[in-house]
Amino acid sequence: MRATRTFDALVVGAGSAGAAAAARLARHGLRTALVDARPFDEAGARWVNYVPRWMFEAADVAEPVAPERRGESAPMTITVGGARVTVPENPCLAVDMRALIARLQADAAAAGVARFERVRINRVGLVAGRPVELETDAGLLRAALFVDASGLNGVLRRRVPRLVADCPTVDRAHLCSAAQEVRRVRDRDAAAAWQAHHGLAPDEILSYPGVAGGYSVINLSVDASLSEVDLLTGCIVGDGFTGSALMARAVREHAWVGERSFGGSGTIPLRRPYDRLTAAGVALLGNAACQVFPAHGSGVGIGLIAARELADAVVSTGAGAGDPGDERRLWAWQAAFHRRHGAVLAAYDLFRRLTQRLDAADFGRMLRAGLVNRRQMALGLLQALPEIGPTEVLGFLTAARMYPSLAGRAASALAGIPALIALYRAHPERPSPRALALWSRAVAGICRERPDVGAGDPRGRRDA
Numbered sequence: 001m002r003a004t005r006t007f008d009a010l011v012v013g014a015g016s017a018g019a020a021a022a023a024r025l026a027r028h029g030l031r032t033a034l035v036d037a038r039p040f041d042e043a044g045a046r047w048v049n050y051v052p053r054w055m056f057e058a059a060d061v062a063e064p065v066a067p068e069r070r071g072e073s074a075p076m077t078i079t080v081g082g083a084r085v086t087v088p089e090n091p092c093l094a095v096d097m098r099a100l101i102a103r104l105q106a107d108a109a110a111a112g113v114a115r116f117e118r119v120r121i122n123r124v125g126l127v128a129g130r131p132v133e134l135e136t137d138a139g140l141l142r143a144a145l146f147v148d149a150s151g152l153n154g155v156l157r158r159r160v161p162r163l164v165a166d167c168p169t170v171d172r173a174h175l176c177s178a179a180q181e182v183r184r185v186r187d188r189d190a191a192a193a194w195q196a197h198h199g200l201a202p203d204e205i206l207s208y209p210g211v212a213g214g215y216s217v218i219n220l221s222v223d224a225s226l227s228e229v230d231l232l233t234g235c236i237v238g239d240g241f242t243g244s245a246l247m248a249r250a251v252r253e254h255a256w257v258g259e260r261s262f263g264g265s266g267t268i269p270l271r272r273p274y275d276r277l278t279a280a281g282v283a284l285l286g287n288a289a290c291q292v293f294p295a296h297g298s299g300v301g302i303g304l305i306a307a308r309e310l311a312d313a314v315v316s317t318g319a320g321a322g323d324p325g326d327e328r329r330l331w332a333w334q335a336a337f338h339r340r341h342g343a344v345l346a347a348y349d350l351f352r353r354l355t356q357r358l359d360a361a362d363f364g365r366m367l368r369a370g371l372v373n374r375r376q377m378a379l380g381l382l383q384a385l386p387e388i389g390p391t392e393v394l395g396f397l398t399a400a401r402m403y404p405s406l407a408g409r410a411a412s413a414l415a416g417i418p419a420l421i422a423l424y425r426a427h428p429e430r431p432s433p434r435a436l437a438l439w440s441r442a443v444a445g446i447c448r449e450r451p452d453v454g455a456g457d458p459r460g461r462r463d464a
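Once you know that position 448 of the sequence shown is 448 in the numbering used here, the rest is easy, because the numbers rise by one and skip nothing.
Simulated from the structure, these hints should not be mistaken for laboratory data. The C-beta atom is built at its ideal place from N, Cα and C for all residues, glycine as well. Keep in mind that a hint or two might mislead.
Here are the simulated distance ranges between beta carbons [said to hold, decoys possible]:
hint	residue 1	residue 2	range
1	E63	H197	43 to 51 Å
2	V65	D359	36 to 44 Å
3	P88	A361	39 to 47 Å
4	P202	R53	18 to 26 Å
5	R38	H197	37 to 45 Å
6	A415	A3	26 to 34 Å
7	E449	G322	35 to 43 Å
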């Protein structure tokens with residue numbers, strides 16, 4: 001019979017958010033375990049991701065350096081139908097996620113985190129609905145706090161009745177199929193000619209939105225040595241395309257792109273974070289919580305920040321002292337997360353839903369009219385709240401004159417942002433199912449969807 005191990009905290013999922021959470025929990029003095037179904041060197045994203053520099057400081061994670069950091073920040077240009085907008089100073093760092101995750105896992109090991117890789121969870125033991133143990137092929141693992149950082153499928157989220165009831169399965173219309181690859185350049189002269197044709201600087205990212213309807217994109221950038229090309233693709237799962245298919249298309253259309261060096265693909269939730277992120281004894285983190293920036297589908301930065309804030313919250317003094325899984329402590333983190341970050345993610349979710357209803361021609365019209373401009377692009381890359389100033393007002397007036405239907409759709413879709421900001425800053429501070437249900441209903445009304453709370457099945461089955 002396999003041994004029983006007992007911990008203060010157990011994190012499921014050894015990707016960036018999970019590894020960061022485990023390391024910080026252990027540094028706070030909690031006996032912590034980190035579990036993944038895969039080998040640790042295969043956990044999490046295995047490609048290049050673009051993360052705003054400020055997010056590393058906010059997460060208390062050292063900023064990447066080479067080779068984890070791939071080159072300097074480069075300009076980004078969006079182009080469609082002859083229209084284009086360029087952000088000359090990209091606030092994001094290109095990060096090799098393989099190296100970042102390895103660093104975070106090493107930090108966890110150095111902090112004393114027990115590691116369990118290639119582990120299958122067979123059963124979640126519950127007491128009065130609270131998880132208390134995992135039955136695994138590595139033995140029985142018990143803890144006071146469980147953190148589900150297992151990704152979209154939510155290994156624990158699907159097994160805790162309260163979370164099943166209030167965290168509905170993400171609809172295909174809100175899932176992004178993404179792929180990213182770093183490839184060799186087959187023909188440097190042809191790559192240089194491509195850059196010159198588009199007026200691009202070395203490492204500058206060229207983005208083609210709307211290539212496969214609505215929310216879809218192909219991004220390319222060639223490094224200064226003309227030896228490597230970075231490609232990123234993404235589209236909505238429900239539209240019948242895949243990021244991998246768009247990647248193959250991009251390679252076909254650019255004959256100078258050579259063999260693959262590394263990369264990967266995955267499915268990313270784009271909807272705003274779940275209204276309920278916690279229940280007694282368990283917290284959701286990263287993709288399992290839908291903590292993703294909806295405008296472009298990156299969840300690395302916000303996942304790292306959430307990991308820090310969660311670990312700090314469960315060891316704070318006050319309610320539930322001595323129990324890191326106390327519902328009051330976890331609710332306090334949930335409320336703080338929504339109040340600090342929820343408005344940004346929800347506002348860009350409204351924008352993302354607007355773009356899904358557009359085609360490439362509509363994107364071109366938005367660029368030409370100024371509905372999408374340099375400042376708004378920069379704020380989006382920075383993952384900061386959109387701002388409405390004289391330039392944006394002029395853009396709406398121009399669009400209303402040139403493309404009245406498009407301007408009307410944009411105004412209707414984005415009109416709820418001020419109310420969303422106010423609502424998220426008023427998330428209930430204390431545990432109250434009734435208050436959460438009322439808050440969830442108000443948010444859902446602005447987003448024109450069903451409320452999260454009560455949307456699932458409290459008996460423990462997944463929402464259809």
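Quick rundown of the hints versus the structure:
1. E63 to H197: 43 to 51 Å: 34 Å, violated
2. V65 to D359: 36 to 44 Å: Hint holds: Cβ distance 41 Å, inside 36 to 44 Å.
3. P88 to A361: 39 to 47 Å: 26 Å, violated
4. P202 to R53: 18 to 26 Å: 20 Å, holds
5. R38 to H197: 37 to 45 Å: 42 Å, holds
6. A415 to A3: 26 to 34 Å: 58 Å, violated
7. E449 to G322: 35 to 43 Å: 39 Å, holds
Violation of the numbered hints given earlier is confined to hints 1, 3 and 6; the remaining hints are satisfied by the structure.
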